[in-house]
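Asks: So the protein lines, in turn, are chains B and U. Numbering-wise, the first sequence is residues 1 to 312 according to the working numbering. Numbering-wise, the second sequence is residues 1 to 260 according to the working numbering.
Keep in mind the hints are simulated off the structure, nothing from the lab. Nothing here was measured: the structure is a model prediction, and the numbers come from that model. Accuracy of the hints is not assured; some may be wrong.
[As the list claims (entries may be wrong)] Have a look at the derived ranges for each label pair, beta carbon to beta carbon:
#: 1; chain 1: B; residue 1: Thr63; chain 2: U; residue 2: Ala195; range: 53 to 59 Å
#: 2; chain 1: B; residue 1: Gly215; chain 2: U; residue 2: Ala184; range: 50 to 56 Å
#: 3; chain 1: B; residue 1: Gly122; chain 2: U; residue 2: Asn123; range: 31 to 37 Å
#: 4; chain 1: U; residue 1: Gly236; chain 2: B; residue 2: Thr63; range: 36 to 42 Å
#: 5; chain 1: B; residue 1: Glu29; chain 2: U; residue 2: Val156; range: 56 to 62 Å
Yeah, the Cβ is synthetic: ideal placement off N, Cα and C, and Gly gets one too.
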Amino acid sequence: MSTAAPAVTVDGLVMRYGEKVAVDGLSLEVPRGSITAVLGPNGAGKTTTLETCEGYRVPQQGTVRVLGLDPQRDRADLLPRIGVMLQSGGAWSGVRAHEMLDHMASLHARPLDPAMLSERLGLADCGRTPYRRLSGGQQQRLGLAIALVGRPELVFVDEPTAGMDPQARRTTWELLEEVRADGVTVVLTTHHMDEAEHLADRIHIIDHGRVIASGSPGELTREGRSATIRLVVNRPFPDGAPESLRAELGPDTEVRQLDVVSMLIHGPADSMTLGRVSRWCEEHDVLPETLNLGQRNLEDVFLELTGRELAT
Amino acid sequence: MTGTFTAAPGGASLSRMVLSQARMEARLMLRNGEQLLLAIVIPVIVLVGGVAAAGRLGLDLDGHRAVDVLTPGVLALAVMSTAFTSVAIATGFERRYGVIKLLGSSPLPRHGLLLGKVVALLNVVALQLVVLVVVGLALGWRPTLDHPPTSVVALVLAVGLGTAAFAALGLFVAGVLRAEATLALANLVYLLLMAGGGVVLPTSTYGSAGTVVQWLPSGALGEAMRAATIDAVVDGRSLAVLVAWAAVGTVLTARTFRWE
Numbered sequence: 001m002s003t004a005a006p007a008v009t010v011d012g013l014v015m016r017y018g019e020k021v022a023v024d025g026l027s028l029e030v031p032r033g034s035i036t037a038v039l040g041p042n043g044a045g046k047t048t049t050l051e052t053c054e055g056y057r058v059p060q061q062g063t064v065r066v067l068g069l070d071p072q073r074d075r076a077d078l079l080p081r082i083g084v085m086l087q088s089g090g091a092w093s094g095v096r097a098h099e100m101l102d103h104m105a106s107l108h109a110r111p112l113d114p115a116m117l118s119e120r121l122g123l124a125d126c127g128r129t130p131y132r133r134l135s136g137g138q139q140q141r142l143g144l145a146i147a148l149v150g151r152p153e154l155v156f157v158d159e160p161t162a163g164m165d166p167q168a169r170r171t172t173w174e175l176l177e178e179v180r181a182d183g184v185t186v187v188l189t190t191h192h193m194d195e196a197e198h199l200a201d202r203i204h205i206i207d208h209g210r211v212i213a214s215g216s217p218g219e220l221t222r223e224g225r226s227a228t229i230r231l232v233v234n235r236p237f238p239d240g241a242p243e244s245l246r247a248e249l250g251p252d253t254e255v256r257q258l259d260v261v262s263m264l265i266h267g268p269a270d271s272m273t274l275g276r277v278s279r280w281c282e283e284h285d286v287l288p289e290t291l292n293l294g295q296r297n298l299e300d301v302f303l304e305l306t307g308r309e310l311a312t
Numbered sequence: 001m002t003g004t005f006t007a008a009p010g011g012a013s014l015s016r017m018v019l020s021q022a023r024m025e026a027r028l029m030l031r032n033g034e035q036l037l038l039a040i041v042i043p044v045i046v047l048v049g050g051v052a053a054a055g056r057l058g059l060d061l062d063g064h065r066a067v068d069v070l071t072p073g074v075l076a077l078a079v080m081s082t083a084f085t086s087v088a089i090a091t092g093f094e095r096r097y098g099v100i101k102l103l104g105s106s107p108l109p110r111h112g113l114l115l116g117k118v119v120a121l122l123n124v125v126a127l128q129l130v131v132l133v134v135v136g137l138a139l140g141w142r143p144t145l146d147h148p149p150t151s152v153v154a155l156v157l158a159v160g161l162g163t164a165a166f167a168a169l170g171l172f173v174a175g176v177l178r179a180e181a182t183l184a185l186a187n188l189v190y191l192l193l194m195a196g197g198g199v200v201l202p203t204s205t206y207g208s209a210g211t212v213v214q215w216l217p218s219g220a221l222g223e224a225m226r227a228a229t230i231d232a233v234v235d236g237r238s239l240a241v242l243v244a245w246a247a248v249g250t251v252l253t254a255r256t257f258r259w260e
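Based on the provided sequences and hints, a complete structural model is requested.
Replies: Written out as structure tokens, the structure reads:
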């Protein structure tokens with residue numbers, strides 16, 4: 001077994017449900033020891049791809065290898081080595097949180113201490129609570145604990161922080177970073193840009209069942225030709241300001257007024273644009289207090305690639 | 001360099017996984033109020049109520065004391081309630097809640113999950129039988145002592161094959177229907193068979209319908225239990241009927257069961 005081989009290789013995967021094509025020739029690699037995010041809107045094919053890697057679904061076309069194994073043929077060898085966090089559910093409605101985690105631990109040869117894991121994920125206080133009475137965020141954290149308790153080499157986490165409050169979200173992120181630091185590979189799906197940007201070493205943006213861009217967060221946001229410029233002025237804009245600014249800047253630009261003194265300008269990232277913005281301010285007798293050439297974020301990247309917003 | 005999460009993967013031994021799964025399922029079954037009602041409370045009420053009613057009416061059944069006929073019938077009812085209704089409902093909701101899906105990503109193989117269910121089921125059935133035998137004895141039940149070894153063998157065969165037949169049918173229902181439909185159907189079938197399936201009362205009391213009822217899994221189980229405790233005989237035909245139902249249920253389940 002070569003440890004240099006990727007943890008996951010998906011090559012030309014096609015999955016259809018009846019007429020609908022969920023995954024359309026998708027290829028991606030996940031390097032070992034990384035956190036890799038599969039980012040895309042709902043219905044992009046993220047979960048289907050993940051479930052094929054986990055052995056739940058048989059690839060209709062293409063190949064999938066996980067830790068060098070075929071998730072279908074080598075299922076019995078693969079399952080003990082991976083951890084899976086489902087998008088939702090997975091526990092009996094009447095089972096207590098600690099019973100569920102203890103049970104999943106007992107299926108493994110060298111599990112983590114469930115009490116330690118509960119403590120780390122802030123589940124110690126609700127250990128005796130039946131699953132159906134846990135909050136959505138608590139259920140998510142229990143799901144993550146279940147994925148990790150068997151000390152896997154690779155964990156698949158499907159929308160790990162959906163429904164979590166900001167505090168729980170941060171705790172989860174820190175935990176996943178520690179998991180990576182200990183050499184475990186993490187594959188996560190998310191439709192939260194900030195999650196991918198914060199956590200991932202590598203991001204695959206998928207849409208309509210295909211990978212439309214791959215790279216580190218830095219690579220993805222550096223490339224491209226456009227930027228977001230934030231303009232804040234010293235007194236209210238005159239009427240029709242967005243339209244007149246747009247006319248000044250040309251058709252490649254979008255202008256959105258945020259409030260009476262600020263606007264967002266999305267357009268070519270060059271000094272000519274900045275020069276035109278400040279000339280327009282001078283002509284309209286407003287003083288730019290802030291004229292900020294913002295760094296592109298993944299939201300911009302997605303918008304540029306697909307012409308749509310990712311946020312739901 | 002090892003940290004808290006450094007990989008050390010591996011499944012537990014099959015026996016350990018199966019025992020853990022069985023313990024979990026038995027615990028959940030006994031904790032669930034509705035299931036407990038089905039497993040213990042209703043059979044006890046049927047037994048106590050039946051014996052009291054028969055006593056007041058001065059009723060004999062086939063020339064036997066009512067308690068001697070009703071006790072093996074209620075033992076059969078208890079087997080049916082757990083092996084069929086409880087298994088179907090529990091499995092239906094395990095599919096619905098994604099429990100089976102999650103376990104499908106764990107080291108527990110599917111045959112291990114099935115084995116765990118069987119062990120849990122047999123434990124719950126054993127517990128029910130102990131409670132109901134004690135209640136029956138308290139009501140004056142005197143099983144035949146003509147040939148105790150034959151009675152014991154016949155009883156074990158009846159309970160074992162009855163459990164197999166009903167569990168296979170319960171899994172079949174749970175594997176094809178939605179959880180709510182399974183819940184409704186499993187309860188309905190239980191009520192119908194309790195009332196008219198030859199479980200509690202001998203099929204001979206059904207008149208001409210009895211010839212049909214004795215081919216039902218419920219009638220066959222009831223007859224086999226009564227043969228064991230009233231006449232100390234192994235009722236070969238009823239046991240063969242149970243084997244046939246177990247085979248039908250297993251084939252149907254194997255062909256149709258969907259894990260998700």
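Asks: Flag every earlier hint the structure violates by its number, smallest first.
Replies: 4
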